[in-house]
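Working from the sequences, and respecting the hints, build out all of it.
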Amino acid sequence: MAAFVGFAGLARDAGLTLVQTVFMTGIVWALPAKVVLVGSILAGNTLPAAAFAVSLSSVRLMPMVVALVPEMRVPTTRKWVLYLLSHFVAVTSWVLAMEKFQHVPRKMRTTFYAGLGSTLVLTNMAVVAIVFTMAGRLPATISAALFLLTPMYFLTSLWGSARERAGHVAMAAGLLLGPVFHLLTPEFDLLGAGLSGGIMAYVFHRIVRRRGT
Amino acid sequence: MTFGAIEAWWWPFVFILVAGWIATDIWRFAGVFLGERISEDSDLLVLVRCVATALVAAVIANLIVFPGGALATTPLALRIGAAIAGFAAYLATGKKMIVGIATGEAVLLAGLLLF
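Going line by line, the protein sequences match chains A and B. With this note's numbering as the guide, the letters of the first sequence map in order to residues 1 to 213. With this note's numbering as the guide, the letters of the second sequence map in order to residues 1 to 115.
No lab work stands behind these hints, which were simulated from the structure alone. Virtual Cβ for every residue (Gly too), placed ideally from N, Cα, C.
Rough simulated footprint, nothing fancy, chain A against chain B, three-plus residues with beta-carbon under 8 angstroms:
no., stretch
1, 9-17
2, 32-39
3, 48-57
4, 64-73
5, 78-85
6, 102-108
Subject to a maximum C-alpha distance of 25 angstroms in a straight line, what follows is the list of computed DMTMM-like cross-link-like pairs (lysine to aspartate or glutamate):
no., chain 1, residue 1, chain 2, residue 2
7, A, K79, B, E36
8, A, K100, B, E40
9, A, K100, B, D43
10, A, K107, A, E71
11, A, K107, A, E164
A few chain A residues that don't get close to chain B, going by computed Cβ distances all over 10 angstroms:
no., residue
12, T76
13, Q102
14, H103
15, V104
16, F112
17, A114
18, L116
19, S118
20, T119
21, M125
22, A126
23, V127
24, T133
25, R137
26, E187
27, I207
This is the structure in structure tokens:
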């Protein structure tokens, strides 16, 4: 949520209005996609170029949705419900859902995720609106501490959300590879780190299982 | 066809819808389409989960190593130190998230105030 504080400031600097910024928060939702979109607007890119850049940054959402859907689906779940709920998928709600689903009865998981997702989206739209109107007035130390809240929160909850040992391996690999890929290929950092780190963790999973059986 | 190309009030919203919403939700919808066809205990799902987890971890690491805003002006070693201390506290207290987060924040603030 604290990361949205930074986004509101960025959108404001790019010349977006309050309404446009809040609209973007609700309709796009994933933070990296919005940062790329605002970056494209700042750079004066055309619509097709901006759409291409944003869609590259959002490919990463696909494996997250693929991992989540089988856990909240029951035979009677309607398809449109899943498509509607997929809009809420972004790092925060995904990590929270993966961590909490084990305590939620299977039949209630779509309802649980609808409540979780809509609360997060609406809260963040409000936060963005508030920060947009009072951007840049917080003391530097406080805002530095606020910016650290998001990664600290994800760091602990992602560890707790792992389904198998390979999840911890994937997390360690992603933590190390993220900055490396950011330096090597800034446009494909998340995809590159996710694919290579994920495949490494999967190979680990296969090796461990073969030894175990 | 840039963001400021057309003066009408609706143009920025069309721009955000096409370049933001469609470009993003198309992948979420593709995820539902594929996720519906995967069984929960299949091995392929382990791979997908590993990729998704590594991706999210990469987001976290980049938020710490290449942060935005006020955090960008703090020393890199202090940010990494705070994150490691927080994570260690989280593990040491039997996965108490609040302890981990508070420890990380305390280390960061102590570092900023001392140096």
